[in-house]
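Asker: Between the sequences and the hints, there should be enough to build the whole structure, so can you do that?
Sequences listed follow chains C and Y, in order. Take the first sequence: its position 269, counting from 1, is numbered 269 in this note's numbering, and each next residue is one higher. Take the second sequence: its position 100, counting from 1, is numbered 100 in this note's numbering, and each next residue is one higher.
Since the hints were made in silico from the structure, they are not lab data. Possibly wrong hints are sitting among the right ones.
No copy is singled out in the list; a pair is fine if it fits within one copy or between any two copies.
As the list claims (entries may be wrong) - Below 25 Å or equal to it, Euclidean Cα-Cα: the simulated DMTMM-like pairs (lysine to aspartate or glutamate) are: (1) Lys243 with Glu256; (2) Lys243 with Asp178; (3) Lys210 with Asp288; (4) Lys243 with Glu255; (5) Lys5 with Asp163.
Please read all numbers here as calculations on a predicted model, not as lab measurements.
Number of protein chains: 2
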Amino acid sequence: MNEYKHVALIGLGLIAGSISLAMRRAGMGARITGHARTARTRAKALEMGLVDAVFDSAAEAVKGADLVILAVPVGAMSAVAAEIAPHLAAGATISDVGSVKGAVVAAVGPHLPDNVAFVPAHPMAGTEQSGPESGFASLFDHRWVLLTPTGSASDAEVQRLSDFWAALGALVEYMEPDHHDLVAGVISHAPHLIAYTMVGVADDLTKVTKTEVVNYSAAGFRDFTRIAASDPTMWRDVFLHNKDATLEVLGRFTEELFALQRAIRMGDGDFLHDYFSRTRDIRRSIIDAGQDTDAPDFGRVNPQEGDT
Amino acid sequence: MNEYKHVALIGLGLIAGSISLAMRRAGMGARITGHARTARTRAKALEMGLVDAVFDSAAEAVKGADLVILAVPVGAMSAVAAEIAPHLAAGATISDVGSVKGAVVAAVGPHLPDNVAFVPAHPMAGTEQSGPESGFASLFDHRWVLLTPTGSASDAEVQRLSDFWAALGALVEYMEPDHHDLVAGVISHAPHLIAYTMVGVADDLTKVTKTEVVNYSAAGFRDFTRIAASDPTMWRDVFLHNKDATLEVLGRFTEELFALQRAIRMGDGDFLHDYFSRTRDIRRSIIDAGQDTDAPDFGRVNPQEGDT
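Answerer: Next comes the structure, spelled out in structure tokens:
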């Protein structure tokens, strides 16, 4: 494997922190430089050893790097790309970890010089937490990373990035940016918006107190709050930059929801039972694919025990 | 504490199994009899020691019991109540674990003789699994059980059932049936229907393959599939018997979803960011209330490690 010798992480949150920890776990000896917008985050990342050096500007952080990973909210990608472009090393690979790919290709690509390889990426893993302290080395283990290579990258350059992610524990797949955005709309963006909505509704209902919502949340609601605790800035940018796919999936969702509401109103128990049986099957497929375990989860954790 | 001497469990699934295991853990010496509809479940419950004896009919199982717990789908409550009514011991307490309370009061109450105490209950805990094998002793630990006592029960009889649940590890609260159904509609029933809908949409979208949905599910979708793997019969009955509250909450949900969709379409980033910040706060309250832990959850489990 042709390892990168100097990796620059632009943005030092959950994903960048986990990349650093997974690189060290894999025994990679690369120098890691970084940049984050706030002095607090920069200091924290340095203190935790996530980076060998931090810089006040992204331009300084990328100097001499043979791999630059943009790990900032999608809405910040264009400005960062414009800033770093004049400072990139010839032959460097530029990648990112944005949840949207079409918009990132459009925002970043035009700024880059001809002598670098641009290979957008999206690791399909995360937690509801953010900041450098939230990263962990196993985040990418057995999780998929989708690469949407552009014409600027040779097969060898794409393979090199693929090998990098595989060394961090991930499974790698290739996809067209538009198709990626639709897939992400279904399995990530629409579910997040729906979870945000449900939590907002519960918070708003005047006939049910907040204490009731909080205390009895183990009955299903709790799982939504975990997703709806994700970083607001990151997710605002995701929805603004994957507008078409998200709205398409939400349109289908609303149709289906209306069909189920109608079945409830009409008392059509067979329709409901058939629907719920079908969705149970897909859960089984996810467990079979190694993307979740069969262990019962919600309702189980006793925080008094879990916290110790 | 005035312990029950003979507890009859009608229905031997996740909840009844967990009640039995939690009773034994608490050191209760009560005789436990049971009935389930299928011979397989009856044999399994007996083999696992969840019951001291099983009976082919609910009528036989309740004979001599001073506590009878109906743990069958809500739609089956009326028929079971009619069957057991002539066989109930004088002074017995009749309770249930149904997720809906108004409909259960209406379905069960009229069948019961005057010399028993009827105290409906709803333990706000569960998992996506079903069957006697899925029960575990700690299911109710630090989880809320809502009691909706009827006029047939004295304060002492209500307190006795409350003590029983507390001994199983639960926290107990009292509520009017209608208010219970609205609370459950918000924190349990609507979230379940929404999760079922989202999983159904993903399964249906022709432009995204099932393999893609399954493989990349760790990006948020996976959490929905866990909820949407819950028992189809139980949930069909919940929706048919808590129609008004569920439809009311879903109506509010749709309004909110449309407002968020509109913000995405219009590019109103401030609206989205404010909304997502507010939902993050409620997550914090749930963790502070001991109803979940702050440990990062989705994206974390490596099934290869988790299964060993």
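Asker: The structure should be examined with respect to each hint, and the outcome stated for every one.
Answerer: Hints and how they fare:
no., hint, result
1, Lys243 with Glu256, "both (20 Å within a copy, 17 Å between copies)"
2, Lys243 with Asp178, "within (12 Å within a copy, 40 Å between copies)"
3, Lys210 with Asp288, "between (38 Å within a copy, 13 Å between copies)"
4, Lys243 with Glu255, "both (18 Å within a copy, 19 Å between copies)"
5, Lys5 with Asp163, "within (14 Å within a copy, 65 Å between copies)"
Comparing the model with each numbered hint stated earlier shows that all of them hold.
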